[in-house]
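Asks: Taking UniProt numbering, the leading residue of the sequence shown gets 1, the next gets one more, and so forth.
Source of the hints: derived by calculation from the structure; they are not laboratory data. Don't take each hint at face value.
So the derived label-pair ranges between C-beta atoms look like this [to be verified]:
1. Leu74 - Leu102: 38 to 48 Å
2. Gly112 - Ile36: 16 to 26 Å
3. Leu24 - Leu74: 20 to 30 Å
4. Gln20 - Arg72: 43 to 53 Å
5. Val103 - Asn78: 44 to 54 Å
6. Arg109 - Asn64: 39 to 49 Å
7. Val103 - Gln11: 37 to 47 Å
Backbone N, C-alpha and C define an ideal beta-carbon position, used for all residues, glycine too.
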Amino acid sequence: MSNRPFDPGLQPERSALAWQRTALSIAVGSLIFGRILATPMGLWTLLPMAAGLALSGILGLKGNHRYAHHHRTLTSGNGLLADGRLNAALALFVLGAGLLSLVVVILWRLQGHPPGLE
1 MSNRPFDPGL
11 QPERSALAWQ
21 RTALSIAVGS
31 LIFGRILATP
41 MGLWTLLPMA
51 AGLALSGILG
61 LKGNHRYAHH
71 HRTLTSGNGL
81 LADGRLNAAL
91 ALFVLGAGLL
101 SLVVVILWRL
111 QGHPPGLE
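With these hints in hand, go ahead and build the complete structure from the sequences.
Replies: Below, the structure is given as structure tokens:
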């Protein structure tokens, strides 16, 4: 098996870097989520924030594993490439975080609090 890149355009390497950027974005987004929604949610903010930080770690690790698997598969010529479960998990997490934020803000407003989350 060769250690040189399979694709001269380095597409698998670019995908691995994109997964690293995605993991970093989820981590930063989770921290921002915790900061913004700490007032209306209180300590409950820690649960989705911790889930986001855990997901970002998993994304970083799985992204590296996917790259290694793709590299091995493409250079050896046998085996299957990774499926879309990681993409689906990320999409479901982002959808859940968005819906949770929407529900919290709507409930906050229905309780008569001002629009700014002071």
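Asks: Hint by hint, note whether the structure agrees.
Replies: Here is what the structure says about each hint:
1. With their beta carbons about 41 Å apart, Leu74 and Leu102 fall inside the hinted range of 38 to 48 Å.
2. For Gly112 and Ile36, the Cβ-Cβ distance of about 19 Å falls inside the hinted range of 16 to 26 Å, so the restraint holds.
3. For Leu24 paired with Leu74, a C-beta distance near 26 Å keeps the hint of 20 to 30 Å intact.
4. In this structure the supplied range 43 to 53 Å is violated for Gln20 paired with Arg72, their Cβ-Cβ distance being about 19 Å.
5. Checked against the given bound of 44 to 54 Å, the beta carbons of Val103 and Asn78, roughly 48 Å apart, stay inside it.
6. In this structure the hint that Arg109 and Asn64 lie 39 to 49 Å apart at CB holds, the actual value being about 42 Å.
7. Taken as a hint, the range 37 to 47 Å holds for the pair Val103 and Gln11, whose Cβ atoms sit roughly 39 Å apart.
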